[in-house]
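Undergrad: Here the protein sequences come in this chain order: A and B. Numbered as in my numbering, the first sequence ends at 826 without a single skipped number. Numbered as in my numbering, the second sequence ends at 168 without a single skipped number.
None of these hints come from the bench; they were simulated from the model.
Keeping only pairs whose Cα atoms sit at most 25 Å apart, straight-line, the calculated SDA-like set for lysine to any residue is:
1. B/Lys-24 x B/Val-66
2. A/Lys-754 x B/Gly-82
3. B/Lys-128 x A/Ile-717
4. A/Lys-755 x B/Gly-69
Reference listing, derived: stretches of chain B covered by chain A, where coverage requires no fewer than 3 residues with Cβ under 8 Å from a Cβ of chain A:
5. 23-30
6. 50-56
7. 67-79
8. 89-98
9. 109-115
10. 124-136
11. 140-153
Fair warning: this is a prediction, and the values are worked out from it, not measured in the lab. Note that beta-carbon positions come from the ideal geometry of N, C-alpha and C, so glycine has one too.
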Amino acid sequence: MDALEGLLYGFSLALTLKNLAFVFAGVLLGTLVGVLPGIGPAAAISLLLPSTFHTDPISSMIMLCGLYYGTMYGGSTTSILANIPGEAASIVTCFDGYQMARQGRAGPALGIAAFGSFFAGTIAVVGLMLLAPTLASFALKFGSPEYFSLMVMAMTLVTYLSQGSILKSLMMAALGLILSTIGLDPVTSSLRFTYDILVLRDGLGIVPAVMGLFGVSEVLLNVGAIMNREILQSEIKGLLPNRQDWKDSSMPIVRGSLLGFFLGIIPGLGTIIPTFLSYGLEKRLSRNPNKFGTGAIEGVAAPESCNNAAATANFVPMLSLGIPANPIMAILLGALTIYGLQPGPLLITEHADLFWGVIASMYVANVMLLILNLPLIPLWVQILKIPYTILYPLILLFCLIGSYSLNNNVGDVIIMCVFGAIGFLMKKFRYEPAPLVLALVLGPMMEDNLRQALLISGGSFTMFLTRPLSSVFLIVSVAALLLPLLKIRPTAKFRQPEE
Amino acid sequence: MVKADRWIGLLFALFSLYICVESFRLGLGSYQQPGPGLISFGAGVILGVLSLVLVFVAFFGRTIERETWHNRGQIVMVFLAILGFTLLLEWLGFILAAFLLVWFLLKFVERRGWGFSVGVALAVAGASYVVFDLWLSAQLPAGILGS
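Just chain B, same shape as in the assembly:
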């Protein structure tokens, strides 16, 4: 167990409470005719009980402080980059979005030089056009380049 399990357990307990309430609203039905909320209610109860056991064990059992968070900035930047790609994909089109994603990751996350990051990003964008558009005929958005 890690120390963070104390609050993770509490979060899961709250989540399971919410699931149980929502499942109850959906309807549990009867034993003869189970309703749409029965399975999620049952799983919610199980998750709730297990979460409370986790909190108990994490508070009173042997825990270790092992969760280390190196490179937090880089991880957040990578996650924001893929979110940005997702949001801009349909507007920019996949070739431009692919170029920007790879360039951003190499230039700002990996701190590579301008020439290298732009060069690799151009090569990847070009290759993805050949592979996905020309070869696999995937229906990917053309975005502003298509209009």
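Here chain A stands alone, though its shape is the one from the complex:
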């Protein structure tokens, strides 16, 4: 199936009334999540996941992807109007977006964020559509050693590119690997670290763990904290940017989109780092860099385009290789396995309906978000005024009911509570949850591929080094581990100053 044929097939699936409703629900919920501080896309997708078990995988994935997309759009609204990033990728938008709003230009800031996101999203979907099948057919040549090395590379890149201490990130990856071994050993059927607890026999549930790490822990961190929300009271006028705004923003939107897409493919970079890099690039290219931070429209256009492009690009390694680029992709990967699908290079050919349906739904989601979001801004402003004291009991209740309804088992709720406490302590002591989640997801696949590779090679590890692709992946992994020792780290700028 070529790209055009596939896309038309995808549209025939995405444009059914049922799937349009799922896209709509996804983008609307996503925007809501993006607008509300205190709940991010990872927790929101985990929360929504159990409710998708009763429907078919295509519609479910369409809704979950729409939700992810929506958060990227919604995050900019709070950044511009309240100087609070609704989700982490919108931090940079605060710098100039809020200043624009204070100068009475909230409308053009919101407008350019929406148009930039639309352009970037569309470009990135085209890139995803062309790149993912090519990458997947290339990956069909991979054997167990290549897969094992690729997963090692993904994990080391995630730790290398993390924003906290690399030592702590590596520790979290190792902890994630240990936790991933809980449950029944697939080869010998012996129970590992289950302590006669029934819910652990099938392995540690990724969804309740993620709900705890990203949902409950965030609430615990925010409880009692005074959320200073200075929402602009003045009426938002003129969402359409003027001619000068377009002139200033057009190239930053193009650059942001391209940068976001190519960086978003790399596991570990996620959406946050590309937005910072995009902002830095625009500042460097600007004839008047001093205006950045004082309300420059380029400072909104570039990062907003970048985060949407990166969000879409994150799907490339997930859909083509079965390798998640960030915790959100890890949850979506987990969702695919729950739906009974095998993630990996065969996914696109064996489940072409899912791949092309999701791709087409991304186009639809982009259009929906553009049409929906700008008129709904007054509604989002009202929602922003809901005090956090009322919001967090609701978030907790959704987490609790969501985790219970996974298997109708209190054990999953307990896992979520435990991981909520662990996640809270991790954030307090600056341990990043992303490497832990990725290791938790990749662990079983890594183990499986390692065992197969050793079985094939008769116990020789040289196979990992003698096969060219595998050795390249391992060289990159070693470089990712050694470069921090030489103080070379692209994320150093974005790290907390004390780290």
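Please build the complex by placing chain B on the supplied structure of chain A, with the hints as guidance.
TA: Okay, now just chain B, sitting in the frame of chain A:
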């Protein structure tokens, strides 16, 4: 690094030692046929070495005393509330448990008035019944209300 990394590193080192011992018991197998404990043993060794490096760095490197613990009481109360919800869910049923959770959080953690906390809790419990039971048909426990 924060100062607490000294004892956190030690805790992780002990944890990794336990994991290595347990993995050894599970069986490491051979290179040709790896056993069920191999991956956890390897990860345990890596975690152990990294933990010791962390302890070393935290003791001899530059550390800052930054971990602040505001609202400890409220955090503990929220955590106990969700644990209580978990333990009572099947017995009380999700509507009553949801009511109690929201009421407790608003009344005792956020110190809102009786009227407000009871009103919001009733609204949330009612809404969750409509959303989860009637709309999504989620198999949630009815508890004592169902019997």
